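Asker: Residue numbers (the numbering used here): -11 to 704.
The hints are simulated quantities; they were obtained by calculation from the structure and are not laboratory data.
Fair warning: this is a prediction, and the values are worked out from it, not measured in the lab.
You may find that some hints are simply not true.
Stated by the list, open to error - Taking lysine-lysine pairs in the DSS-like style, the calculated list, with each CA pair at most 25 Å apart, reads:
1. K437 - K460
2. K437 - K342
3. K217 - K26
4. K26 - K243
5. K342 - K68
6. K460 - K266
7. K460 - K68
8. K266 - K68
9. K463 - K266
10. K437 - K308
11. K308 - K266
12. K309 - K217
13. K342 - K309
14. K309 - K68
15. K266 - K437
16. K463 - K437
17. K26 - K68
18. K243 - K266
19. K266 - K342
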Amino acid sequence: MPATYRLGVDIGGTFTDLVLIDEASGAVRVGKLLTTPKDPAQGVETGIVRLLEEMGVSPRAVGSLIHGTTLATNALIERKGARTGLLTTRGFRDALEIGREGRYDMYDLFIDPPPPLAPRHLRREVDERLLADGSVMKPLDEAGAREVIRGLLAEGVEAVAVCLLHAYRNPAHELRLGTLLREMAPSLPVSCSSDVVPEIREYERTSTTVANVYVMPLMARYVEDLERKLVDLGIGGQLYIMLSSGGIALPETAKRVPIRLVESGPAAGALAAARAAKLAGEPRLLSFDMGGTTAKACVIDGGEPLVAREFEVARADRFKKGSGLPIRVPVIEMIEIGAGGGSVARVDRLGLLKVGPDSAGADPGPACYALGGREPTVTDADLLLGYLDPDFFLGGLMRLDVEAARRAVAERVAAPLGLHLTEAAWGIHRVVNENMAAAARIHGIERGKDLRAYPLFAFGGAGPVHAWEIGKILKVPRVLLPFGAGAISAFGLLTAPLAFDFVRTAPQQLDQAQWEGVNRLYVEMEAEGRAILAAAGVTGSAVGIRRTAEMRYVGQGHEVEVPVPLGPLGGESLETLTQNFETAYRALYGRTAQGVAIEALNWRLVVSGPPHEVRMDSARDRGDEGSRRKLAAGAGVAKARVPAPDDNALKGRRPAYFAEAGGFIETPVYDRYRLAPGATVEGPAIVEERESTAVIGPGGHVRVDESLMLHVELPR
């Protein structure tokens, strides 16, 4: 049997999403089930078995599986990684704890930054010293290093990070320490900074290397367990893992540098939004992904998501930059907001209504899930406002308990605030919308973007429910709601190319640059990247190369990323690089400096394979009423086929709350699977599909395009 199917699996905090695509016919199937937090792979296995069995697809027909997971992130936040030691240059034992000079809250005298992943008694020094140019000032004392390693092993370390001063310029001492560690403890996981993040800045490099080896044993076990499960299921296709940068990699890479997977799942959603921007002819979008646990916003410009070179995890204060552990790896740049369908609402000591960042997650879940949760959540409020149908959640696979939601909101929010039940539910809905809109606006401002010019692309299980109100707050030109919005992140996994990033630090003032050395670095990085892709069968002209450099004015402390042209660089490249730098600098700061020299610090290269083109099946599917109900709700699967244009999409009506209408009004409810291209709907309206529900307020106008996306025009 030919392997024509590709499978995308995304594990979220509340739900695990699956998308199965038949590349021969273009048919798309979607599956969704509650995440199993104690054993995420179990939920993945259950979802795959259910999806394949109910669609009659043999496991042997699955040619590849692309997986996104937040397991590494959760391990860092929950401190559930390995007992980690650190080997560093004598005198730099405490660099990891000293961190940066700046404080994330300059007025808080009791500031409490997250403790290092490697505690002080497990951080050991070795005698060696390199100079900034990589030359050896003091050779490595191997005998002393062996004694230090014995001491760490006696402490029962389960993993060791090696981070020596200036190792990004000369990795020889780090590599030798790595060899000694493997000789003395062959099964011990080891990470060297020169392999994980070979670039300048001691604190960030050390923090990233320690975090990498901290989650390495956990991720290796998880990936190996998943590979075994796939073999046992009879799936012989290749497993790929989503990277935070938007590319995918082989399992071996994921095991060696698992820190590159920290934003794995959310990155897939941003890729799906970028693809939608191109298909819809939108040069820019604001991607808004609201699931059960968190919401993420990402700016899409020129059809591509913005990429950052550093981010933070495990923040002491979720909304304060600098309060977490810095991770220096490429990541699709987005802001994460502690607001999802499961975000808990409460009244604080000052009598104010707060929503999130804590979440009921999948276990026990919102009160309306009837799985033991008693705290009121955003989903409970949305249910009471009439936005969700208790009998059609997940297409009817889960029935929501309205009385449990009413009881939770009444007891924990309405009664303490002296509000009517509806007022309390609307307060929860409005507060979470304001929180998400404010965070998205700040995210845009920090990047010099005016979000009023960016259409809002909303997805995730809860995204389309809240997009109308958030769009009004942000004053976006329109809201776009994709077909299968509840599983778009899993869909994005299937569009991702094989890709990997490389970096080398080599400070150069552009007008005095040693171009021969820079060219040599780019040749080395490209060769390394092509070798990785060749192992996956991508060679020759199928390999894409993109080069950038991090540049700044001489004397500045931070850089901006600048495109670097392909081919050998030389004196004739100076004008192009200068223009590229000034364009990037002006976009951020609105001006450039005159008469100040420019220097490049880090030289970067990305190798990638061709992106996967995923097409939706355009075949008409008229079927009878029973088969349509089975299509929408049956056995955990929905099929993305375009409906016939003469189908009646109106399912019925129910009361829904709209503040602009003064309260509850009878609102038409439409079946998403019957809305054909060219169909139009006037607000107020509710559009239901199995994985999500779209809410459109009074004055809204909806048009369905050829890809079944809803284009929602907001009233001016």
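Asker: None of the hints should be skipped; say for each whether it holds.
Answerer: Status of each hint after checking the structure:
{"no.": "1", "hint": "K437 - K460", "result": "holds (18 Å)"}
{"no.": "2", "hint": "K437 - K342", "result": "violated (28 Å)"}
{"no.": "3", "hint": "K217 - K26", "result": "holds (17 Å)"}
{"no.": "4", "hint": "K26 - K243", "result": "holds (20 Å)"}
{"no.": "5", "hint": "K342 - K68", "result": "violated (29 Å)"}
{"no.": "6", "hint": "K460 - K266", "result": "holds (24 Å)"}
{"no.": "7", "hint": "K460 - K68", "result": "violated (41 Å)"}
{"no.": "8", "hint": "K266 - K68", "result": "violated (40 Å)"}
{"no.": "9", "hint": "K463 - K266", "result": "holds (22 Å)"}
{"no.": "10", "hint": "K437 - K308", "result": "holds (20 Å)"}
{"no.": "11", "hint": "K308 - K266", "result": "violated (33 Å)"}
{"no.": "12", "hint": "K309 - K217", "result": "violated (39 Å)"}
{"no.": "13", "hint": "K342 - K309", "result": "holds (21 Å)"}
{"no.": "14", "hint": "K309 - K68", "result": "holds (23 Å)"}
{"no.": "15", "hint": "K266 - K437", "result": "holds (19 Å)"}
{"no.": "16", "hint": "K463 - K437", "result": "holds (14 Å)"}
{"no.": "17", "hint": "K26 - K68", "result": "holds (12 Å)"}
{"no.": "18", "hint": "K243 - K266", "result": "violated (33 Å)"}
{"no.": "19", "hint": "K266 - K342", "result": "violated (38 Å)"}
Going down the numbered hints, you'll see the structure goes against 2, 5, 7, 8, 11, 12, 18 and 19, while the others check out.
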